[in-house]
Amino acid sequence: DQQVKQNSPSLSVQEGRISILNCDYTNSMFDYFLWYKKYPAEGPTFLISISSIKDKNEDGRFTVFLNKSAKHLSLHIVPSQPGDSAVYFCAASAYSGYALNFGKGTSLLVTP
Amino acid sequence: DTAVSQTPKYLVTQMGNDKSIKCEQNLGHDTMYWYKQDSKKFLKIMFSYNNKELIINETVPNRFSPKSPDKAHLNLHINSLELGDSAVYFCASSQREAYNEQFFGPGTRLTVL
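Protein sequences appear in the order of chains A and B. For what it's worth, this note's numbering labels the leading residue of the first sequence as 2, then goes sequentially. For what it's worth, this note's numbering labels the leading residue of the second sequence as 16, then goes sequentially.
Worth flagging that the hints you see were computed from the coordinates, not collected in a lab. Quick caveat, the model's predicted, so the values are computed rather than measured. Every residue, glycine too, gets a C-beta built ideally from N, C-alpha and C. Possibly wrong hints are sitting among the right ones.
Unchecked claim - With beta-carbon atoms standing in for the labels, derived distance ranges:
(1) A/S13 <-> B/L42: 32 to 38 angstroms
(2) A/N28 <-> B/N66: 22 to 28 angstroms
(3) A/D56 <-> B/S35: 43 to 49 angstroms
(4) A/I21 <-> B/K55: 21 to 27 angstroms
Claimed, not checked - A short list of chain A residues far from chain B (calculated; beta carbon distances all over 10 angstroms):
(5) L12
(6) V14
(7) N23
(8) D25
(9) H73
(10) S86
Just chain B, same shape as in the assembly (with noise of 0.2 angstroms):
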């Protein structure tokens, strides 16, 4: 009865594939989102859906393209992979309403070599 689930765990690719990462909810949540850890420990929003509708788009390349099919997903598609393109990619979930605690996914590990 996981919260908010990511697959796939772990991912290692080469450079120019491309390969997306799903995720999803059933807390019941209207608002989802896409956290970028890098290699400095660094948390930075990407994306964030509310409702299906796409809320914040922070300065990430065209290469990444969120979709969410129903509020309960949010997946993340990524283009023509690059090397800094690996970090431990988060999803996050939280009701408007409940102000801002957001409930994490265990995180994606994106290895581009």
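Excised from the complex, chain A in its bound form (with noise of 0.2 angstroms):
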């Protein structure tokens, strides 16, 4: 059963402007939410995290948006690079736990 769910497999930008990722999530009790970067071959990335304090943090480029009534958080990367290219992976977790929960990742492709 998938708690975590990322509905677009992929998204193409052109750089400059602006990409938006999205994930929803089913579980209530999950209070910490982190984005990853994955290049082909590699490991995932950590890129930005957000507790379920807030609704909004922010990093350079990228900023995460969380909406707990809706269960839903965004990554928005402005402007987007081609360097962006990657897979991201919305992940939520519990206090209480130790495992990421994943989504299936959404593979951005900026381009020039």
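Join the two chains, each given in its own frame, into one complex according to the hints.
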């Protein structure tokens, strides 16, 4: 039973524009959310996170928004760069747990 | 100075064989994990060890046995390999206090023929 869902398997954006990646979750116990970036033949790399007490967290070009009532979060990348082309995984966990629950990922392609 | 390393990177073997994948982290973390990424690209937790003690054991067949000789190592041994075990296996580590920010190794692609 998949508790974290990324319904868009792929996204193509022009360089300089905004990329918006979406994620939905079903488990109301989740209180910490992360985004990971993955290049081919490499492991996922931590990008940005947000706890449930916040609705926004920003780090440079990356901003994560959390809407708890809708059980939805999104990652905004502004401006998008070709080097951002990768698979982005949304992950969630509960404070009492150790495991991360991952979505299936969204493949982002940023074209020049 | 790789933070989380795994060996081997690729592993091709026959059904029925026994194989091991090694993982080491030099980040000083006290918690380590094994994840499996299947053909549908879904990353799923298999095991978690905290200070060498098993914390999480998801519904993984008994043929999979993790071994943690010390806090810096978490090896995965697989007995009687089956076709369905073909996947990419990722090791990860975290400091519990860091609240689940996990650092991943590069993955081991296992192919069972």
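Results for each hint:
At about 35 angstroms, the beta-carbon gap between A/S13 and B/L42 stays in the expected band of 32 to 38 angstroms. A hinted range of 22 to 28 angstroms holds for the C-beta pair A/N28 and B/N66, which are about 27 angstroms apart. At roughly 45 angstroms, the beta carbons of A/D56 and B/S35 sit within the given window of 43 to 49 angstroms. One distance hint, 21 to 27 angstroms for the beta-carbon pair A/I21 and B/K55, holds here, with the actual separation near 24 angstroms.
Every C-beta of chain B lies more than 10 angstroms from that of A/L12, the closest at about 15 angstroms, which supports listing it as non-interface. With a closest Cβ-Cβ approach of about 20 angstroms to chain B, A/V14 is found to remain outside the 10 angstroms limit, as its non-interface label requires. Separation of A/N23 from chain B is adequate, the least Cβ-Cβ distance of about 17 angstroms exceeding the 10 angstroms criterion. Non-interface status of A/D25 relative to chain B is upheld: no Cβ of that chain comes within 10 angstroms, the nearest being about 15 angstroms off.
At roughly 20 angstroms, the least C-beta separation between A/H73 and chain B is larger than 10 angstroms, which holds for a residue marked as non-interface. Here A/S86 stays apart from chain B, with its beta-carbon at least about 16 angstroms from theirs, past the 10 angstroms limit.
Violation of the numbered hints given earlier is absent; every hint is satisfied by the structure.
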